[in-house]
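> Sequence:
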Amino acid sequence: MVEKKADVNRKTVKAKIQKVEEVKADLKKYKTLVVIDLRKLSDSLFQSLRKKIRDKGGKVLVLKKPVIQRVLESDKKLTALSGETNKPVALILTNDSPFAINKFFKENKKRRAAKTGEIAPFDIVVPEGETDLPPGPALSELKGAGINVQIKGGKIVVSKESVVAKSGETLNDLKTKALQKLNVKPFEISVRLIAGYDQHYIYSAELLNIDDTLHAALGSSLNDAFNLSINAKYPTKQNVEILLRDAYMQSLNVALNGNLYSSNAIGQLLTLASRQGLALASLGK
Numbered sequence: 137m138v139e140k141k142a143d144v145n146r147k148t149v150k151a152k153i154q155k156v157e158e159v160k161a162d163l164k165k166y167k168t169l170v171v172i173d174l175r176k177l178s179d180s181l182f183q184s185l186r187k188k189i190r191d192k193g194g195k196v197l198v199l200k201k202p203v204i205q206r207v208l209e210s211d212k213k214l215t216a217l218s219g220e221t222n223k224p225v226a227l228i229l230t231n232d233s234p235f236a237i238n239k240f241f242k243e244n245k246k247r248r249a250a251k252t253g254e255i256a257p258f259d260i261v262v263p264e265g266e267t268d269l270p271p272g273p274a275l276s277e278l279k280g281a282g283i284n285v286q287i288k289g290g291k292i293v294v295s296k297e298s299v300v301a302k303s304g305e306t307l308n309d310l311k312t313k314a315l316q317k318l319n320v321k322p323f324e325i326s327v328r329l330i331a332g333y334d335q336h337y338i339y340s341a342e343l344l345n346i347d348d349t350l351h352a353a354l355g356s357s358l359n360d361a362f363n364l365s366i367n368a369k370y371p372t373k374q375n376v377e378i379l380l381r382d383a384y385m386q387s388l389n390v391a392l393n394g395n396l397y398s399s400n401a402i403g404q405l406l407t408l409a410s411r412q413g414l415a416l417a418s419l420g421k
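Sequential numbering of the sequence shown, starting at 137, is according to the numbering used here.
Because the hints were derived from the structure by calculation, they are not lab data. Note that CB positions come from ideal geometry on N, CA and C, so glycine has one too. The reader is advised that the hints may include incorrect statements.
As a list, the in silico DMTMM-like pairs of lysine to aspartate or glutamate whose alpha-carbon atoms are at most 25 Å apart [as the list claims (entries may be wrong)]:
#, residue 1, residue 2
1, 313, 179
2, 150, 209
3, 195, 179
Have a look at the derived ranges for each label pair, beta carbon to beta carbon [said to hold, decoys possible]:
#, residue 1, residue 2, range
4, 346, 385, 34 to 44 Å
5, 273, 215, 52 to 62 Å
6, 341, 376, 29 to 39 Å
7, 252, 193, 39 to 49 Å
8, 162, 223, 17 to 27 Å
Could you put the whole structure together from the sequences, leaning on the hints where they help?
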């Protein structure tokens, strides 16, 4: 019995190690890693997003805590994220940027009905207009929730815009049932992104949630700063390769124009001299 248990444990450890190596290999194949919080994320939304990400060539990995921890701790830059594994998380591997995947999550939110005991995130308002509800018990239920309703043309009509709950108010059973009857879904379900990593930097959720206008302005400013550093010949980590290449081409042009022999220019100078010699020879014939 003890031997069987030990054998099972060995197989489990071996499987975990193998999985860690598989995920580490996958990390090298994709440009971006995103960590998301699975708490409060509905299964229907998660499966929908998972399919869309897979269709775009990405991967969504739901792994056991020890596996995720070992994967994150295997990279010095990702070690900082290993503390996030104290809650259910998923790893997303994609070639989109962290900003693009965060935007994708924002564009794929869903709404859901209110539940008794939840706190209203804002003033929940039912607009004026006709409903699909026939006259009956629903009329008194809606009135009991503070909604201005009456019967018109054989249907229940909201005669005046009504505030069902104020922001911060705890929703009781009467109000949640009324909202459900009117198909009002005040709560939003979305992915809570913890962090993104693009092989260079880790981006927090706060940074990734920067307003699109501000993000565009920052991008423009970075581009302007880059161009300024190039024009001013000011070396930085981002422009040093371009500056070295420009300097090389300038020095090569000076050598060629001045017939100055160097290891880089000698080949082209000899070719030029050969062409000139052939041209002169043809003139003498």
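> Hint by hint, say whether it matches the structure.
Hints, one by one, checked against the model:
Pair hint residue 313 plus residue 179 holds up; C-alpha atoms about 23 Å apart against a cutoff of 25 Å. Restraint check for residue 150 and residue 209: the C-alpha separation of about 18 Å stays at or below 25 Å, so the hint holds. For the hint pairing residue 195 with residue 179, the CA-to-CA distance comes to about 17 Å; that is within 25 Å, so the pair holds. At roughly 38 Å, the beta carbons of residue 346 and residue 385 sit within the given window of 34 to 44 Å.
In this structure the supplied range 52 to 62 Å holds for residue 273 paired with residue 215, their Cβ-Cβ distance being about 59 Å. In this structure, residue 341 and residue 376 meet the distance hint of 29 to 39 Å, their C-beta atoms being roughly 32 Å apart. Between residue 252 and residue 193 the Cβ separation comes to about 42 Å, which falls inside the hinted range of 39 to 49 Å. For the hinted restraint 17 to 27 Å between residue 162 and residue 223, the CB-CB distance of approximately 22 Å keeps it satisfied.
Checked against the numbered hints above, the structure breaks none of them.
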